[in-house]
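Engineer: Once you have looked at the hints, place chain F on chain B.
2 protein chains.
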Amino acid sequence: MKKRYLLAPGPTPVPEHVLLEMAAPMVHHRTPQFSAIFGEAAEDAKYLFQTKQDVLILASTGTGAMEGSIVNCLSPGDKILAINGGKFGERWGKIGETYGMSVVWHEVEWGTACDPAAIKKILDDDPDIRAVCVQASETSTAAAHPIEALAKLTRDRDDCLLIVDGITGVGVFPLPMDDWGIDVLLTGSQKALCLPPGLALVSLSEKAWKFADQSKCPKFYFDFKKEKKNLANKTSAYTPAVSLVIGLRKVLQDVKEDGLDVVHARHNRLARATRAAAQALGLRLCAPDSPADSCTGFFVPESVDGAKLVKCIRDEFGVTLAGGQDQWKGKILRVAHLGYIDTFDVVVAISAVEMALKKFGHPVELGKGVAAAQEILLEGY
Amino acid sequence: MKKRYLLAPGPTPVPEHVLLEMAAPMVHHRTPQFSAIFGEAAEDAKYLFQTKQDVLILASTGTGAMEGSIVNCLSPGDKILAINGGKFGERWGKIGETYGMSVVWHEVEWGTACDPAAIKKILDDDPDIRAVCVQASETSTAAAHPIEALAKLTRDRDDCLLIVDGITGVGVFPLPMDDWGIDVLLTGSQKALCLPPGLALVSLSEKAWKFADQSKCPKFYFDFKKEKKNLANKTSAYTPAVSLVIGLRKVLQDVKEDGLDVVHARHNRLARATRAAAQALGLRLCAPDSPADSCTGFFVPESVDGAKLVKCIRDEFGVTLAGGQDQWKGKILRVAHLGYIDTFDVVVAISAVEMALKKFGHPVELGKGVAAAQEILLEGY
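Protein chains in written order, with my numbering: chain B, 1 to 381; chain F, 1 to 381.
Next comes chain B alone, as it looks inside the complex:
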């Protein structure tokens, strides 16, 4: 009967009514019944992506859509700029190298955003760069990159795409694909879409589809042109992940009903509340100058073992937060605001952190972080 709370940046909690919807009897994927569901989900996904372009629905997790974006838009030998400010930025470069591209690694200090002026200089100096690959929200550091500013650099260059991993960005904060001129935008089901993992969504601008016409990378399962053709018939090239697509349709209906602005505002309020709480507790934020609203990261006090803290909060208190990855392993805590997370989840997360810090002998005034969060959380009411 131990009560559990899932507050890590993905997979995120799935709303109960969506779990039940996905637990309905299986339907065949090549039927008018399912095509209607698939078509509705794909249509509503355009609202989420703020685009008039098709949004492809893939049976894979987000990394598959990242790989798909590279192999569909580019060719071996192409030069790409990988903005590497964390574990996921690094992934862009690794995928590019896997497919024989010439990767220009742009290293960004963990916890900071890239500087658009620096990117502008790189692009100006090297006209061979065919794509800028970046995260909207670098989940490993809880930092956001300035996508709008980057899009201003690429949208007037016919020969350079902006490819954005929006896995913890889409549905969290504004990323109006068409308005800003993002060329490739992708996300995964297990973040703001509050579904189980196993679906990826990706959309390409007209410019990106032109790149796709020229692409020489091999692709079969992640063949976007084939998917686009099938989408016109409200289906996918290969068997879709039926139950997840059923959940997707439901969640997107909910997002539309709430309104994207409201959804973004909720994430922002929860994020600001969590940041305020961390600061009230004297905990240093991971990305103080460019925090993402997807999750908030903060350093644990140096006297405390972060890995043990996460474990205590999870196994003893029943609250699953995330620790750090790679260079920040054992050093940080991350609290998610993604998807089906609301006011009192922040209260739960912060109070769990306070209690754990006290248990670990760190001087902490219980309730101080909670109070700071509450001040901001009240804005929502």
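Just so you know, not all the hints are guaranteed correct.
The list treats identical chains as one, so a pair stands whether inside a single copy or across any two.
What the hints assert, rightly or not - Using 16 Å as the maximum straight-line C-alpha spacing, the simulated EDC-like pairs for lysine to aspartate or glutamate come out as follows:
#1 Lys79 - Glu97
#2 Lys216 - Glu97
#3 Lys207 - Asp159
#4 Lys120 - Glu107
#5 Lys94 - Asp223
What the hints contain is simulated information worked out from the structure, not anything from laboratory work.
Structural biologist: Just chain F now, kept in the frame of chain B:
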């Protein structure tokens, strides 16, 4: 309140207790709680595959595992033999061509099995062939290929693999990977495993892993060596499809409890009953000489429009069977025996076919096919 029956060869019905298990609250994938689930599922999958080798669990449908098998075991320029006796055999060749392989197309008449003697001659004549790619059960024609005989041809050749698409074979009829010497065996979740689509399972022999060490194809999402390394820690390289893995563990427990022999025997009995019914009704079997136990295909009478028949059975009677694909579109009906399908599902399918044929003006003695099926179905009791 219309009652519906799903009897097409995938996605197949998901048992109610498995639907509920997958509807439990989401769990984080990097926790001891989920690792235990993932580890158990992977372990029990070895029982299903009848192998001592690792079984990788991928967040994709079966086609992803087919592509993965090619790109992990082979290199551009390699020569492969694609046994093309249907829509899925054709897929092997297309994947090979996508990755720059030299594909030897071995055409097999739809509805028949390949002849091992012919394959032996091809391999003897062309020692450059690095892999024989085949379906255990070619779902589009309802025919089975002679995997044991093919394995006898490849297992003593150090330089040639047998790569088997077991998507509608594994868990249906015997495919003892280690005993027969199958080098790559794969399946998908939405067939005999009676889960929603979205998971693929694949296992490689020691010989296939040696090929993987030499492979020069690019791969990232479907990187089997990376998956194998992660599996040792009871996890996957990228986010696993958590809810489906939870379902997989449950289904595999059920399969182990029933026993693989019993599961195979059930599929065989249902298949034989359905074949007998079709023949009693004077319907010509699609694969009379080498029928697969995964599904039974039969031609609709020439006076009847097969597409309309499928539609009537589905939309009016509520029973989803499958029609034909490609060259057999509108000409055949397929009834599945895969997974969570039992005695009275055959009765439902056959009686629906009888009633529809009568409705379409074809002379049919109602109950005659059902009776023929019942004779065989009774063997199970």
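Engineer: Measure nothing new, just compare the shortest in-copy and cross-copy C-alpha distances for Lys94 and Asp223 to 16 Å and report within, between, both or neither.
Structural biologist: Cα proximity of Lys94 and Asp223: across copies only (13 Å, versus 20 Å in one copy).
Engineer: Using 16 Å as the alpha-carbon threshold, which applies to Lys79 and Glu97: within, between, both, or neither?
Structural biologist: For Lys79 and Glu97, the Cα distance is within 16 Å only inside one copy (10 Å; across copies 26 Å).
Engineer: Give the relationship of Lys120 and Glu107 under a CA distance limit of 16 Å: within one copy only, between copies only, both, or neither.
Structural biologist: This pair counts as within: shortest intra-copy Cα distance 15 Å, inter-copy 55 Å.
Engineer: How do Lys216 and Glu97 come out at 16 Å by Cα distance, when the copy is not named: within, between, both, or neither?
Structural biologist: Classified as both: same-chain Cα gap 15 Å, cross-chain 13 Å, threshold 16 Å.
Engineer: Cα distance capped at 16 Å. Does Lys207 pair with Asp159 within a copy, between copies, both, or neither?
Structural biologist: Cα proximity of Lys207 and Asp159: one copy only (9 Å, versus 45 Å across).
This entry satisfies every hint, going by the numbered hints stated previously.
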